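Visitor: So the chains spell out like this:
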Amino acid sequence: MDFYLGLLQILGVHTLLGLSAYVVLLTGQVSMAQAGFYAVGAYVAAMCTAMFGMHILPAVIVAALVSGALAMCVGFPALRVRGLMLVVATLAFGEMVRLFFFNLRWQVDLGGRLVGPNGAEGFRSIRFFPENGWDTGDVALFIWGIVAVVMAALWWVDNTRAGAVLRAVGHDEVAAQSIGLNLTSVKVTVMAVGGAIAGLGGGLYAHTVTHIEHGVFGVLLATFAIAYPILGGLGSVFGTLLAVIFVQGFLVEGLRFIGDWRSLLFGALIVVAMNLRPTGLLGERMPPLRKFFKRNDALKAQSTEAE
Amino acid sequence: MDYYFFIDLIQSLVDGLLFGTTYALIGIGFTLIFGVMRKLNLAYGAAALAGTYVGLAASLTMSLPPIVVFAISALGSGVIGYIVYLGCFRFTPASHPMASLLASVGMLLFIDELVIHLSHGMPYPYPSALRNAELTFGELWIRGDLLFVFGICVLAMGVLYWLLYRTPLGLATRAVSQQPRAAQLCGIPTERVNALTFVIAGILGGTAGAMTAAAVGVLSPVIAMGLTTKGLIVVVIGGLGSIPGAIIGGLMVGAAENVFQLLRGVTERDIYVMLLLFIFLTLRPGGLFGSTAGRD
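If you're matching them up, the sequences are chains D and R in order. The opening residue of the first sequence carries number 144 in this note's numbering; numbering runs sequentially from there. The opening residue of the second sequence carries number 18 in this note's numbering; numbering runs sequentially from there.
Chain D extracted, bound-state conformation (with noise of 0.2 Å):
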């Protein structure tokens, strides 16, 4: 059962990192930098709770703000350029923030213990959970309780007016800067967004693993980060919850028999997926769930017809 808690936990911390992308994507921006801002999260929520003694809520509050700020003041420089540019200054920031926390030596005297990010060693002992006795059930809530809360703004923002600029300036730039959008604050708004989302999700990492260290906010998961909402379509939020569960629960847990082989597998897949369906999953409209039974009711009349 722990097993299946614990798989639970990778699943919502990874819906959250691939919202963060979902809320940039939709802009029509390809920004590789998420896995910098969900590393930011991660780090600040883990000197908060294990350096400074912080609950666990306030700490991934405080760390969804660092990353949303830190990504805004990105998002001006950035977004100066667009599309292939933009993917460029993005992996590269996200780079500099891993190499950041590569080089990053802080630890403070806890009780005679050494507690912070110690360089290539990274951060251990993250032990909030552990120590407040949360089992992996109260935590794999706790995880999905916040993803519930991101899913349902995102989705309540995507049928409101803002979702509406959001696709059109994903769409056509140059018609949504004629009915009079700034793009320059969309951008960076959504930008901010995806960060605080990011590192919402990176606060959580930390403690589910409570030890991090900066070879795993390489490119490899900021690849991640945008293949899941791609792969399940830009229509809804859902599109990139199915591509999560997909990928983290199918492919990486359940073909786990097939060995070395399945990283391999993940690779050609996408490749595969994106040449039969290269609009994602579930597409690019969300698919409406009134047209299902509106047929039904359509057949049934017909039924009756024939009768």
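Mixed in with the good hints, there may be bad ones.
Unchecked claim - Here are the in silico distance ranges between beta carbons for each label pair: (1) D:F400 <-> R:V239: 26 to 36 Å; (2) D:F400 <-> R:V283: 35 to 45 Å; (3) R:F22 <-> D:A318: 53 to 63 Å.
Honestly, the hints are just simulated from the structure, not real lab data. Note that the structure is predicted; figures quoted are calculated from it, not measured. We put the beta carbon where it would ideally sit given N, CA and C, even for glycine.
Based on the hints, put chain R in the right spot on chain D.
Guide: What follows is chain R alone, placed relative to chain D:
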């Protein structure tokens, strides 16, 4: 600043410029592919690495002279470049640029894992030419193998220049990169040109990979990520779509990397190289030779 520090600085600058030619080659490859397809091929660095491994496999099975190993590496990478084209770009619709981008990411992961799987993640020694030779100018000395790397990379650029500006194939490539539809109307088979560009870029990448491995002396899968990020930085600094820009950007990145390694140590040098990139992005988003600022 004392005299010996100054000598060290000049020395690392020279070494960096010589090694920077490999970055320039990778940058040219990215630029070529972007020029004809208007798409980014993130699997390029991995394809270059895989080609280098093909050369290594050949040298492990038969004992070959280094120059033949380098040639096999380059050709192998060309073939892999064609496979990448088929897998990620040929059949994905042009209206969905994200599909081909993500497909190339998938290909990057696939090639990387395949190489790690087949080589068991172990670094292997890679042959190099003129290892024991060296040139001395007073206090400065130049490693023979680095000079060889420089020579081969310059030769590759020369051949590319001849190919692009002196042959019908080059004319067709330049036509497609200027205006694909017009080129097609003039009877140029766009798809064949695209495929050939991937092969040519692959050969350049394989040469760069082989030269990197020859300069370092060992070949390990770690090189792929470095080639990809450095190549992309070179492209941004030089200007997307510009070959002279890629050459100058490559030399700059190589020199900056070595100088910062001297000043700040090996673990911090990449941070400063990326800061250089950000300075370019804010002050000159189009790059050194980019025609329009930050266009798609």
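Visitor: For every hint, state whether the structure bears it out.
Guide: So, going through the hints one by one against the coordinates:
1. D:F400 <-> R:V239: 26 to 36 Å: 29 Å, holds
2. D:F400 <-> R:V283: 35 to 45 Å: With Cβ atoms ~40 Å apart, the hint holds.
3. R:F22 <-> D:A318: 53 to 63 Å: Holds - the Cβ-Cβ distance for F22 of chain R and A318 of chain D, about 57 Å, lies within 53 to 63 Å.
In summary, this structure violates none of the numbered hints.
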